[in-house]
Amino acid sequence: VSRLRTWAFGLLPDSERGWAEAVVAEAAGQAPGRARLGWVVGGLWAVSRLAVTARRGAKAAVFVVAAMAAVAVAWTGDPGLYETWLNRFEVVTTVLVLAVLPALAHLLFGTARAGWVPRGLRVGTYGAVLALLAGKARIEQLQAVVPVTGSYRHVYEVVTGSPDPEPSVFGTVFVLTMELAVLAVVLGAVVGAFWVTSTRSGVTTRTLRIGVGFGLALGLVMFVVAPLGLTDNATNPWLPGSRIDPLILLAWILLLVGPCAAAVLAGRGYAHGRATSTAVARESVRQGVVAGTIAGSLGALVVTTLGTCTIITALGSDAVRDWLSRGPHLTGLDAYAYELTLGTNAWAYGALILTFPAIGFLVGGFVAQSAWGQSSSPAAGDGGGPGGGRAGPVPARGPTDGRDVDTRHDPTTTGRATIRQSLT
Amino acid sequence: VTRRAGFSAQTLEVLAVLCDEPRHWWHGYALAKRTGLKSGTLYPILVRLAERGLLDAVWEVEPEPGRPRRHLYRLTDLGLAESAAAVGVGTEPRGGAARNRVRSRS
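Here the protein sequences line up with chains L and A, keeping their order.
For what it's worth, my numbering labels the leading residue of the first sequence as 87, then goes sequentially.
For what it's worth, my numbering labels the leading residue of the second sequence as 18, then goes sequentially.
Rather than coming from a laboratory, the hints here were simulated on the basis of the structure.
Do not take every clue at face value.
Said to hold, decoys possible - Below, computed lysine to aspartate or glutamate pairings styled on DMTMM-like, alpha-carbon distance capped at 25 Å:
| id | chain 1 | residue 1 | chain 2 | residue 2 |
| --- | --- | --- | --- | --- |
| 1 | A | Lys50 | A | Glu68 |
| 2 | A | Lys55 | A | Glu81 |
| 3 | A | Lys50 | L | Asp318 |
| 4 | A | Lys50 | A | Glu77 |
| 5 | A | Lys55 | A | Glu68 |
| 6 | A | Lys50 | A | Glu81 |
| 7 | A | Lys55 | L | Glu107 |
| 8 | A | Lys55 | L | Asp100 |
| 9 | A | Lys55 | A | Glu77 |
| 10 | A | Lys55 | A | Asp73 |
| 11 | A | Lys50 | A | Glu38 |
| 12 | L | Lys145 | A | Glu68 |
As the list claims (entries may be wrong) - Restraint-style ranges between C-beta atoms, simulated for each label pair:
| id | chain 1 | residue 1 | chain 2 | residue 2 | range |
| --- | --- | --- | --- | --- | --- |
| 13 | L | Val277 | A | Leu95 | 51 to 59 Å |
| 14 | L | Phe95 | A | Asp94 | 52 to 60 Å |
| 15 | A | Val78 | L | Gly359 | 48 to 56 Å |
| 16 | L | Leu182 | A | Asp73 | 26 to 34 Å |
| 17 | L | Gly274 | A | Lys55 | 36 to 44 Å |
Treat the numbers as computed from the prediction; the structure is a model and nothing was measured.
Glycine included, each C-beta is placed from N, C-alpha and C at the ideal position.
Take the sequences, apply the hints, and build the full model.
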């Protein structure tokens, strides 16, 4: 135990190691059993967290490494193809935006909220966006190379459905527009993550948790059903029902139900315990819309990123490709056809990333508006409108110190008020 | 002394205890007992106070037999002034006054 402790403490930086030893030294004062274990675990966990969060330089280094990896993946490719240059432009633009965004968001949106969920959403979105763009570039590199003749050319034409690999002007403009739209949505997702986790947005922690929870669930279910791109069948070859449509149907139902449920829970959570008023109803609608949008956007990001990464793993590893295709003896031509099919299926993820956020917004907005919209109209309720008499209470907005906007449930605020009262 | 912003309620509790006997060296367990804070809350507060130069932290020179050396804490002069301003009491050693206030809260 002593050796293990010495080794574990050795992992900590010097500045935190002494604090970890201090925690352990005090453990003898605690009653043996759960109290002592709780003291040691709680103290060491807190000190370890400080060691991690204090290392801003380490965080910057992780970002630089991840960004360089993404750029490196996008940079490899035939420089004679416009797809290569498009991918380079997208990745470099994204990296530059991601680099300046924290400072910009601080200026525009105020302090970023602390806590595991807000921080996880920001960091997770960063990682997902970099992985997604790198994976997309890798897949497009495969598709951009057109075999000249022979069986491979035939397979290419059959799989991609493009007998003429030379794109028309209209086709090129369409592809460019879609690429830019995907880029805009992806960067919009990062900006959105900063906004909803900022104090100025007024999005409550509860709303954030609900949106993130439903978004993760939606994305993971979609990924389990369609880890190898999107077709009219489940693309997971290991699912027993992968040849039937109901699984896809289930995933699409979740797409509609997820944001809907998120909106209802977030709106109800906000209204719970507050006196009915126009302002509260209006804020409930807003919280519902935000929760639905987060659920749809995050679901799209999760399934698209995980699916794209699965596909590029299959492209880069024969063993993974064979395992995924359930056929360890693919010929070279079969393998090429399989990889090309995966790349083609991956294109549909682009449709998901473009449509899911909008669906989440619309579904969440519709449900929240249906539930509280009537109460939020100026003519209804107890005020706010021209004939409404005295204005209703204004919902709690975000304080500027980075804490939760919902002061009813903010133990820090309550505690501070208590101690101020007791000390005066 | 101007009031220093950024002290949480838990930090104020710790400061109140430390202010109570400013020349006394406290150890973590005693602070936890007095404030009711758990180790996961107490130690980050102590770390931040020490980083801001408000807290002296030293190792015990003569530990009790059979016990490991403990970390001891007390406010620096700056910490005493800052915490006095934050909790709204004077900088003089106050004996049991602040202690009674903290106790009356619980």
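Here's how the hints hold up against the structure:
Restraint check: the Cα-Cα separation between A:Lys50 and A:Glu68 comes to about 23 Å, which is no more than 25 Å; the hinted pair holds. For the proposed pair A:Lys55 and A:Glu81, the alpha carbon gap of about 23 Å is at most 25 Å, so the pair holds. Distance restraint check for A:Lys50 and L:Asp318: the Cα-Cα separation of roughly 63 Å exceeds the 25 Å cut-off, and the hinted pair is therefore not satisfied. Between A:Lys50 and A:Glu77, the direct Cα distance comes to roughly 19 Å. Compliance with the 25 Å bound is thereby established for this hinted pair.
With a C-alpha separation of about 20 Å, the suggested pair A:Lys55 and A:Glu68 falls inside the 25 Å cut-off, and the hint holds. Proximity of A:Lys50 to A:Glu81 is assessed by CA-CA distance (about 19 Å); at most 25 Å being required, the pair is judged to hold. This hinted pair checks out: A:Lys55 and L:Glu107 have alpha carbons roughly 16 Å apart, not beyond 25 Å. About 23 Å separates the Cα atoms of A:Lys55 and L:Asp100, which keeps this hinted pair within 25 Å; it holds.
A hinted pair counts as satisfied when its Cα atoms are at most 25 Å apart, and A:Lys55 with A:Glu77 qualifies at roughly 22 Å. In summary, the hint linking A:Lys55 to A:Asp73 is supported, as the alpha carbons are separated by about 21 Å, within the 25 Å threshold. As the CA atoms of A:Lys50 and A:Glu38 are separated by approximately 15 Å, the hinted pair is consistent with the 25 Å bound. For the given pair, L:Lys145 sits about 20 Å from A:Glu68 by alpha-carbon distance, which is consistent with the 25 Å threshold.
At about 41 Å, the CB distance of L:Val277 to A:Leu95 disagrees with the hint of 51 to 59 Å. Checked against the given bound of 52 to 60 Å, the beta carbons of L:Phe95 and A:Asp94, roughly 32 Å apart, lie outside it. Take A:Val78 and L:Gly359: their Cβ atoms lie about 54 Å apart, and the range 48 to 56 Å holds. At about 45 Å, the beta-carbon gap between L:Leu182 and A:Asp73 misses the expected band of 26 to 34 Å.
Remark: the range hint 36 to 44 Å for L:Gly274 to A:Lys55 is upheld by a beta-carbon distance near 41 Å.
Figure legend: structure checked against the earlier numbered hints; hints not met, in rising order: 3, 13, 14 and 16.
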